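Could you fit the two chains together into a complex? Lean on the hints.
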Amino acid sequence: MEHEQPGALEGLRVLDLAGPLGAYCGKLMAGLGADVIKVEPPEGDPMRRWPPFYHDRPHPERSLTFFHYHLNKRGITLSLEKPEGRDLFLKLAAKADFIVESFEPGYLESLGLGFQNLQQKSPGLTLVSITPFGQNGPYARYKGSDLVGLAMGGVLWLGGWRDRAPMALGASQGSVVASLFAANAAMLALNYRDLTGEGQHVDVSMQQCMAVDLETAMQNYDVHGAVIERGGYNYPLSPIQGPGMRRCYPASDGFVSILPAVQRIDEWETLLKWMDSEGMAGDLMDPKWLDLLTVRREKEHFEQLFEAFTRSHTRQELFEAAHFRFPTQVFLAPINTAEDIANDPHLEARGFFVEVNHPELGAALRYPGPPFRLSETPWQSHHRAPLLGEHNRQVYEEELGLSGHELRALESEGAI
Amino acid sequence: MTAPLEGIRVADFGWRAVAPIAARMLAWYGAEVIHIESYTRLCGMRQSGPFPPGTETSLNTSGFFNNFNCSKLAVTLNLATSEGIKVAKGLIKISDVVVENFSGGVMEKLGLGYRDLAQIRPDVILVSHSLMGTSGPWRRVSGHGPNVQAMAGLDHITGYPDRDPIGSGVSHTDYTINPHHSAFAILAALHHRRLTGRGQYIDLAQYESVINATGPMMLEYFANGRVPGRAGNRHPAAAPHGVYRCRDENTWCAITVFADEEWQRLCQAIGRPELARDPRFDCLECRQANEDALDRTLEAWTSQRTPGEVMEQLQRCGVAAGAVQHAGDLLTRDPQLRARGHYHYPDHPEAGRRAYDGPPFKLSAAPARVERAPLLAEHNDYLYRELLNLTEETITDYIVQGVIA
Numbered sequence: 011m012e013h014e015q016p017g018a019l020e021g022l023r024v025l026d027l028a029g030p031l032g033a034y035c036g037k038l039m040a041g042l043g044a045d046v047i048k049v050e051p052p053e054g055d056p057m058r059r060w061p062p063f064y065h066d067r068p069h070p071e072r073s074l075t076f077f078h079y080h081l082n083k084r085g086i087t088l089s090l091e092k093p094e095g096r097d098l099f100l101k102l103a104a105k106a107d108f109i110v111e112s113f114e115p116g117y118l119e120s121l122g123l124g125f126q127n128l129q130q131k132s133p134g135l136t137l138v139s140i141t142p143f144g145q146n147g148p149y150a151r152y153k154g155s156d157l158v159g160l161a162m163g164g165v166l167w168l169g170g171w172r173d174r175a176p177m178a179l180g181a182s183q184g185s186v187v188a189s190l191f192a193a194n195a196a197m198l199a200l201n202y203r204d205l206t207g208e209g210q211h212v213d214v215s216m217q218q219c220m221a222v223d224l225e226t227a228m229q230n231y232d233v234h235g236a237v238i239e240r241g242g243y244n245y246p247l248s249p250i251q252g253p254g255m256r257r258c259y260p261a262s263d264g265f266v267s268i269l270p271a272v273q274r275i276d277e278w279e280t281l282l283k284w285m286d287s288e289g290m291a292g293d294l295m296d297p298k299w300l301d302l303l304t305v306r307r308e309k310e311h312f313e314q315l316f317e318a319f320t321r322s323h324t325r326q327e328l329f330e331a332a333h334f335r336f337p338t339q340v341f342l343a344p345i346n347t348a349e350d351i352a353n354d355p356h357l358e359a360r361g362f363f364v365e366v367n368h369p370e371l372g373a374a375l376r377y378p379g380p381p382f383r384l385s386e387t388p389w390q391s392h393h394r395a396p397l398l399g400e401h402n403r404q405v406y407e408e409e410l411g412l413s414g415h416e417l418r419a420l421e422s423e424g425a426i
Numbered sequence: 204m205t206a207p208l209e210g211i212r213v214a215d216f217g218w219r220a221v222a223p224i225a226a227r228m229l230a231w232y233g234a235e236v237i238h239i240e241s242y243t244r245l246c247g248m249r250q251s252g253p254f255p256p257g258t259e260t261s262l263n264t265s266g267f268f269n270n271f272n273c274s275k276l277a278v279t280l281n282l283a284t285s286e287g288i289k290v291a292k293g294l295i296k297i298s299d300v301v302v303e304n305f306s307g308g309v310m311e312k313l314g315l316g317y318r319d320l321a322q323i324r325p326d327v328i329l330v331s332h333s334l335m336g337t338s339g340p341w342r343r344v345s346g347h348g349p350n351v352q353a354m355a356g357l358d359h360i361t362g363y364p365d366r367d368p369i370g371s372g373v374s375h376t377d378y379t380i381n382p383h384h385s386a387f388a389i390l391a392a393l394h395h396r397r398l399t400g401r402g403q404y405i406d407l408a409q410y411e412s413v414i415n416a417t418g419p420m421m422l423e424y425f426a427n428g429r430v431p432g433r434a435g436n437r438h439p440a441a442a443p444h445g446v447y448r449c450r451d452e453n454t455w456c457a458i459t460v461f462a463d464e465e466w467q468r469l470c471q472a473i474g475r476p477e478l479a480r481d482p483r484f485d486c487l488e489c490r491q492a493n494e495d496a497l498d499r500t501l502e503a504w505t506s507q508r509t510p511g512e513v514m515e516q517l518q519r520c521g522v523a524a525g526a527v528q529h530a531g532d533l534l535t536r537d538p539q540l541r542a543r544g545h546y547h548y549p550d551h552p553e554a555g556r557r558a559y560d561g562p563p564f565k566l567s568a569a570p571a572r573v574e575r576a577p578l579l580a581e582h583n584d585y586l587y588r589e590l591l592n593l594t595e596e597t598i599t600d601y602i603v604q605g606v607i608a
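Protein chains in written order, with our numbering: chain Y, 11 to 426; chain V, 204 to 608.
Looking at chain V on its own, in the form it has when it is part of the complex (with noise of 0.2 Å):
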């Protein structure tokens, strides 16, 4: 069977999250993903856990790391010597794709810059992910997934009205937007080479990657002037619209009503079909001029029950509301993930069998490949030995002076 990236290789010099997530995109799907690291520079990823109790001080045992670098083989290069340059110059010259996310302005000052490598291989696409891109007077500010969304305006629109921005509770754009933006590019531009032979440079600024995913927020400050605030759990177009406390303690669920239709609905659904007449709620305007009362009606409701019975009794009825359902029902109570097949347990050598995400999505025609994270420099032989051909002698001179380390 053939898959959407066969013959493809991609040097990946990422660390952390954005690129190296970006890359596994291409692994998952048939392109061969070689993760450049060095023991003299070790991805946090790789040291930071959750690890297998007992596992640690391994550094290939790291739940993150793994995660993000299923399906991709694990190479050692040290790239601040002259000669880990010049052998990285080698692995691109066999890429087709290279992705990097140094702060702007390093793969220059690495001799790794586009214009150096368009000269050893003219049709490479190269991508960077700085946080500020490669212009600008900020482009040499470093950082975070966090500080991204602080900057791109999500920070300041997630939240209660009534309290300070606290964040998200995850680094999301370092997980969703940014490497898949990154990923759309580069698959764009592989099908732009395959019909015109030509590769190309991808500049992805952090920055404004995740501003277009707040887009809705600058043109209301464009054309209206407003500066859109924390809205909770709220939305414009839909009430209710929230998250409600259920039976047991800590327990919730998410229910949304955007239209008229649904609210009746939802007035059968929970047995109070006179609700369905009362002027306060009708509309959808009513019901937002009356939103407190509304959620105070609805959790009465709701904290008589448990979020699975609150979602079922509600979806029968074409209500959408779904349980708020953490990491372990995900892993092993939700039937839907489970026939959908999203988690997979490969076999790895250190952490034993470990739950994987998979790609969100399935091809009818091109399954994806779901494998072990590769152990730290794992696939050297293969790079060294195979894929450049050098020497015995040249091997081990590297190991000695430090460059293949």
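If we strip away everything but chain Y, and leave its shape as in the complex, we get (with noise of 0.2 Å):
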């Protein structure tokens, strides 16, 4: 039934021609129904090559982080380097709403395709830009990644261990996060669009995206010129934020994850009562216990007694009991591995994981359902990344009337 629904961005187009910093981007525009169009150089997007692959084997085709990233889009291939590629470019650029980018600065204003270029012939495309550091200062031409923008925007300072460097969140989140404020930027620009008819040009920083990210430690240094530190072991949240204790305890199948008291009290009571409750809590029923500052001062004896107690369990029992057996819940969660939410009952129960078709792989995958769910314009994952130059023949004959001859020969010039 979700099929027959059309989604929220139904009928608008997208040229999405960003790299691996803003794939995230296109994916979520797709995800609500627009017409998302990969465009590639003819060699491929390099996320292509990136592993892991399908059953191992490496092959532009088996990308899985590629797969993620481009459900739902068509592809085509198109070089930009040559004038015929630019001339097509063009054409394509006056069919769209929007068009997603991640060249360098400057890149395409240097080919006569910048905004004011495009904005000329279609005056109500977007021109959505991601990159490293955003489009003018004195970074603007750095060249950037994933690790570099979350060490350039403050996060990564924050994350790991004391006695090591300093450590990165999992997952390109940087990209990720960049590319989530980039489709958050098209939207706002896509109702101002609705209220004008005009587009215009949107240029998100990864940096400033990661500096977003920061917690407190922005306003600890504003307000008293302090550096929070990477946590070791310890949480640098600010000081009624609870204890401040450490965050991951063994379990007897893997690791668990608590906030032992965050917004009352009586979420801290609780905890003590349940460890009391199987005899494990130790002295901790000391009515000192209850004040906050003693804890965090006397933590790491909380902190032994808490891990002998999560280690006489496993996660789910220590999962269900927390969350079900008192009337005030403890904040603790399974450190979930992949296989650990491949199972997950609940995510079962919601149907979460969807099944897409590779027929080339003669199989079809599991991919994550939707991150959120609207009931009338439900999110769709309908078909497969796109093959390299797979929609071509549809984009350039059908769409913009190339003959068959004329592709043919596009392509042994190198332009698709």
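Just so you know, these hints were derived from the structure itself, not from any lab.
Don't take every hint at face value.
What the hints assert, rightly or not - If we take Cβ atoms under 10 Å as the criterion, some of the chain Y residues that face chain V in the derived model are: (1) Asp-66; (2) Thr-75; (3) Phe-77; (4) Leu-157; (5) Asn-194; (6) Ala-196; (7) Met-290; (8) Gly-292; (9) Leu-294; (10) Met-295.
Claimed, not checked - Pairwise CB distance ranges, derived in the manner of DEER restraints: (11) V:Glu-595 x Y:Phe-334: 41 to 49 Å; (12) Y:Gly-207 x V:Arg-536: 37 to 45 Å; (13) Y:Gly-207 x V:Asp-326: 18 to 26 Å; (14) V:Pro-325 x Y:Asp-293: 30 to 38 Å; (15) Y:Pro-355 x V:Gly-428: 15 to 23 Å.
Said to hold, decoys possible - A few chain V residues that don't get close to chain Y, going by computed Cβ distances all over 10 Å: (16) Ser-285; (17) Gly-308; (18) Arg-343; (19) Arg-366; (20) Ile-405; (21) Gly-418; (22) Gln-467; (23) Gln-516; (24) Leu-578; (25) Asp-584; (26) Arg-588; (27) Glu-595.
These numbers come from a predicted model, not from an experiment.
Cβ atoms here follow ideal geometry from the backbone N, Cα and C, with glycine treated the same way.
Here it is, written out as structure tokens:
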């Protein structure tokens, strides 16, 4: 049934020229029904060469990372370096609502394809530019990568162990977040166009996207001139946020993560009662442990007792007791692996994962389902990522009206 | 100048991080966002620091709260009273978007579920941001960002392979992934409503939202039966790819090399052209096979220099490198953020001039509006007198009865 409801972005056309930094932006738009055409150079997007590969066999049509970030997009090849390629690009741009790109600032202008030129031809077009540092400023032309974005944006400083180098978040969060903010900005531009008919240039900086991720580190410096250090075992949260203790503890079958007292003292009391109900609270029932300042001062003692407690249970036992045994919930969660998530009964009950057919692999692959569920315009996961140049014929012949002869000529010139 | 969300009103029932941050995106771009709070159930953020010295007992000066609630209006209303619910419905009737992040099921219990709201305001867009979504066996499980990160697998793949997980330095998904998945969905739904006149219900389960941000990990398991683990700062398609010690204590620089040409340039940049011909390092697979030796070689060079010198010298040769900056660097030294105007310093009657994050992007035709955060209850008069046209008598009664509280 879901397939019959239109997406919120149905009827909008996106030319997606973005590399890995911006790949998730187009995916989000495709998920809500926009016609997103991935425009790759003839040699293919670099992400096609990123591991992991399907059944571990490296091949440009088997990158699982590429699959994930290009679900639901169509794909064509086009060389902007060739004049014929640029002509085709302009024809495509005339029919597009958005162009998403992550080239170095100034590159499109140098080809005569800058925002001014594009807008003259189609005033409603929005150009979404995603770069490591933004379009202007002294670092605008600096090279970036996910890790460099995390470093320059201040979030890397806060991650990891005191006795080792600062440590990055897993799963390319710099690019995911930059793409996500770009998608927000694109939607703001769309709402603006709904009111005025005009497109605009959206300029996203990955560095700034990471700079909004600093919790209270920015304000602590602004207010106190204090630099929050990375945590080692301890989470660098401000004093009133509970006892500021170690976050991750071993269970009998993996790890759990806990925030012992965030909003109210009864969260903490519940945790102590829970340990006591199993005879594992040690001396923690002494009233002095209800003073969070005591806890902060003597947290290693608590941590030792709590670790002995968590070690004596599975993650599932801890999770269920934390959330269902007492009137107040304890904020404890299992540190899940991909396998745990794949077999999670809650996600199963919600029908979260979706199957997408890959005829070339002779298989249907499972993918994460919707990041959010819209009741009227549901998320769509209809078709796998495009093969390189898969829709050249569809787009160039059927939509732009090129003849088969012209198409072959363009191919042999390396324009597509 | 037209703002993208001119004429849009948002009732923000959110507290703490996710829903208020989603609503902040709308406030930056012209929506009138009314943040509903209550003295009887204070948002913990108002009680969390950092506070400017001497203002620790104020509910209006938390840097944590203010940064997330800039450009909004603030009112107090006690939803634990039936009159409070009636007033809330009055506000919803004149709102376009309603956001909330109670635990799953709480809004229904209050009589403010989507069905109730759609009767009052048929084209309303209601957005829930519970941890687990509004269905499923664990829908009542509540928690915070770090719990979500753990469940969605991010903690398991963040860290070093030879050590236990440690979590992340910040509650990352609270400030980025979840609120901005939500804001994206809201903005798309607003566009759809302009075209069709139809509102809708958006159920964002934070757990599911974050799994989308760690997606390739899931495909690796489903397709290859392998469970990805922690890889430190390394990357499967790059080498070197790491964080290297610089000259002074606790100073670091990130360096990443994906293509072989970049490696060649790096060797030139550090004055070691012979390394480019070293068979241990002349292809990605070779560099990955010898990554410990590679990292030691590079660190011998970085440890003689400051992060700024490393960055500039490598960037001059087109190699991606960046100083590991802390918040003080960002606020006071980084010339790029200054040129971009990332921080805003609106004056606040109790907190003074404090730094606020602006949006991490620019729209050429629609500048953002970054205004100071509201004081608790600052806009009660505006809501109750101007918008809802309540009589003086009713307002007095509500105050006495603890409804406006």
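Outside-interface status for Arg-366 of chain V - nearest CB in chain Y farther than 10 Å: violated, 7 Å
Non-interface claim for Ile-405 of chain V: all C-beta distances to chain Y beyond 10 Å? violated, 5 Å
Interface-negative label, Gly-418 of chain V against chain Y, beta-carbon threshold 10 Å: violated, 4 Å
Supplied distance hint 15 to 23 Å, evaluated on CB atoms of Pro-355 of chain Y and Gly-428 of chain V: Roughly 20 Å apart at Cβ, these two residues keep to the hinted range, so it holds.
Closest CB-CB distance from Gln-467 of chain V to chain Y, is it above 10 Å? holds, 14 Å
Hint says 30 to 38 Å; check whether the CB-CB distance for Pro-325 of chain V and Asp-293 of chain Y agrees. violated, 59 Å
At a threshold of 10 Å, is the proposed contact between Asp-66 of chain Y and chain V supported by beta-carbon distances? At about 6 Å, which falls below the 10 Å cut-off, the nearest Cβ of chain V leaves the hint on Asp-66 of chain Y intact, so it holds.
Measuring Cβ to Cβ, find out whether Arg-588 of chain V lies farther than 10 Å from everything in chain Y. holds, 29 Å
Determine whether the Cβ-Cβ distance between Gly-207 of chain Y and Arg-536 of chain V falls within the hinted range of 37 to 45 Å. holds, 42 Å
Please confirm whether Gln-516 of chain V is truly not at the interface, meaning its C-beta sits more than 10 Å away from all C-beta atoms of chain Y. The assertion about Gln-516 of chain V holds, with a minimum of 12 Å to chain Y.
Non-interface claim for Leu-578 of chain V versus chain Y (Cβ beyond 10 Å): Holds: least Cβ distance 17 Å, greater than 10 Å.
Holds or violated: is the Cβ of Ala-196 of chain Y closer than 10 Å to a Cβ in chain V? With a closest approach of 9 Å, the Ala-196 of chain Y hint holds.
Of the hints listed earlier, those the structure fails to meet are numbers 7, 8, 9, 10, 14, 18, 19, 20 and 21, in rising order.
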